[in-house]
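Student: Let's have the full structure, built from the sequences with the hints guiding it.
Chains as they are written, first to last, in the numbering used here: chain R, 9 to 345; chain L, 526 to 721.
Hints may be right or wrong, so weigh each one.
Said to hold, decoys possible - Some but not every residue of chain L turned toward chain R, in silico, with C-beta under 7 Å:
#, residue
1, 587
2, 671
3, 674
4, 677
5, 689
6, 690
7, 692
8, 701
Since the hints were made in silico from the structure, they are not lab data.
Positions of the beta carbon are idealized from the N, C-alpha and C atoms, including for glycine.
Here's the letter readout for the chains.
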Amino acid sequence: MPDPQKTPERGMEWRPRRSSALRLLGLAAMATLLVACNGGEDSTANTGTGTDTGANSGAGSTTPPIPSWPYYSWMHSELPTVWALGFQGQGVFIKVIDTFQDTILTGDLGDGVQSLFHGEWVSKEAGMVAPQASIANIDYNLTTPVALDAGLNVMNLSFGLLAPANANIQFDGQTSSIIQYAQAGQAIVVKSAGNNQGAAFGAANEINEVDRLGLELVGAPSAIFVGALSRNGSVANPAPIASYSTVAGNDPAVQSHFLVVGVDGASTGLSGTSFAAPIISGYAAILGSKFTTATPTQITNQLLQTARRDTVANYSLSIHGQGEASIANALAPQSIQ
Amino acid sequence: MPPGQTKPTFLRPVLRALAVCLAMAGPACGEQIDGLHLLDIQLGSQKSRQAHQLASGGYELADGSYQSFRNWYSTKRPELSFLLLSQMSQNAAFIWGASTGERGEKYLIQPALRLGLLLQNEIAKGTYFSISGTVVLAGGLLERSCMADYGQIAGLQQVNCRLAASTLPPQDTLSYLIRESGWSDSRLTVSLEKRF
Chain R
9 MPDPQKTPER GMEWRPRRSS ALRLLGLAAM ATLLVACNGG EDSTANTGTG TDTGANSGAG
69 STTPPIPSWP YYSWMHSELP TVWALGFQGQ GVFIKVIDTF QDTILTGDLG DGVQSLFHGE
129 WVSKEAGMVA PQASIANIDY NLTTPVALDA GLNVMNLSFG LLAPANANIQ FDGQTSSIIQ
189 YAQAGQAIVV KSAGNNQGAA FGAANEINEV DRLGLELVGA PSAIFVGALS RNGSVANPAP
249 IASYSTVAGN DPAVQSHFLV VGVDGASTGL SGTSFAAPII SGYAAILGSK FTTATPTQIT
309 NQLLQTARRD TVANYSLSIH GQGEASIANA LAPQSIQ
Chain L
526 MPPGQTKPTF LRPVLRALAV CLAMAGPACG EQIDGLHLLD IQLGSQKSRQ AHQLASGGYE
586 LADGSYQSFR NWYSTKRPEL SFLLLSQMSQ NAAFIWGAST GERGEKYLIQ PALRLGLLLQ
646 NEIAKGTYFS ISGTVVLAGG LLERSCMADY GQIAGLQQVN CRLAASTLPP QDTLSYLIRE
706 SGWSDSRLTV SLEKRF
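Tutor: This is how it looks when you write it as structure tokens:
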């Protein structure tokens with residue numbers, strides 16, 4: 009039985025460091041050289057209200073204090089309005105399991121050009137979406153089980169484990185614990201779909217490998233698979249799937265847990281579904297801070313059931329799964345009287 | 526009182542003043558009728574405007590349909606209020622009035638009674654010092670809650686209608702319901718007037 013070797017990858021160059029039956033790959037880090045530092049005025053802090061999906065609590069002093077978190081152009085326009093009232097991720101634990109060595113990417117999430125490790129970017133992005141979530145960075149080279157904190161736990165996996173589909177493999181303690189949490193509904197496990205353009209997890213690459221981590225998570229009640237749109241969508245301007253993104257495919261079990269979000273690589277220099285997953289992790293944390301008694305499975309279902317299809321260009325279940333995640337709709341009631 | 530003469534009722538001067546005001550509007554409302562002065566009459570109030578300001582908001586529900594606040598915080602019958610002054614002596618007057626209250630789908634302004642006193646004294650030739658106070662009985666602005674259905678994730682919850690889609694936990698939104706008493710509209714006024 010092969011012993012898994014975890015190897016960080018740079019973007020689409022899936023090159024194993026060691027020859028082994030199981031390789032762990034960064035699925036999504038397609039870093040591009042940053043030509044412009046940012047989007048000019050788009051990247052300045054802005055806490056104003058949003059547009060077509062904006063919430064407005066009305067006037068008066070009978071509203072909670074309004075925090076001023078920085079809003080950047082890569083974020084969905086719903087976020088400022090979501091942030092406008094209340095807390096954002098408080099009491100929720102996001103665990104970013106990733107690589108914090110080897111792979112350095114240069115990008116700009118709106119607060120200046122930086123060169124960070126893949127996991128640092130992922131962690132930073134999740135923290136910008138859910139500013140008050142507690143974020144822990146956990147190296148995916150560790151083999152010890154991930155411990156759960158008291159409260160809602162969200163685990164972000166912006167990587168995959170590639171191995172031959174028929175290989176008999178044994179997951180290490182860390183990976184096994186994450187899979188178990190997803191299958192038992194004990195934590196929300198957010199998994200990047202991948203950047204191989206094909207169907208999520210079922211399709212083998214050119215050397216007959218599949219994402220075994222993804223496959224293990226299929227059917228888990230609190231797992232979410234995240235693909236990338238080329239930008240944030242809106243009803244007036246629906247967004248197409250990103251050219252690199254893995255799609256939902258034809259497996260109903262994948263389709264029912266598949267979401268897409270906009271990844272604005274043109275402005276951030278950071279493309280790939282690696283940077284789609286932490287947006288969903290942040291959304292899950294925001295939801296968890298509102299619905300404090302909800303289970304991971306309930307939070308997962310809320311994100312899946314409130315995804316929008318009218319903001320996606322040429323929506324298809326086999327491509328976009330449940331659609332573009334909408335944090336504003338996920339926070340809102342189904343009806344009110 | 527001579528036999529056969531009817532006893533003046535309390536309401537008669539008020540009704541007469543109101544009749545004059547409503548018929549002539551504007552400047553006539555300040556005129557004196559049998560020692561009775563109409564100080565103010567208006568449609569709407571500060572609390573009424575405060576409630577109507579809430580109507581400008583809205584949010585999307587989980588299915589993307591838009592929920593406007595317009596119908597929740599508006600009314601076809603805004604509050605009507607009047608304030609009268611009854612002169613009791615050269616230097617004292619009784620201030621009194623009432624308002625009808627107002628009702629919208631998600632708020633209530635209670636009817637109110639305003640009572641007050643005005644005292645005036647000429648402290649030097651042509652110089653008048655006056656102090657007046659009015660208190661408001663009832664007249665509170667009360668915002669009603671909503672029942673929101675969050676489906677599987679949280680079920681039916683009593684919430685602040687305006688904040689149901691915010692990041693606040695549903696039960697926490699109730700802390701932000703408007704609860705303003707009419708007493709807060711009570712006034713104490715001190716003035717010094719020099720007449721040339």
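Student: Which hint numbers doesn't this structure obey?
Tutor: The structure breaks none of the hints.
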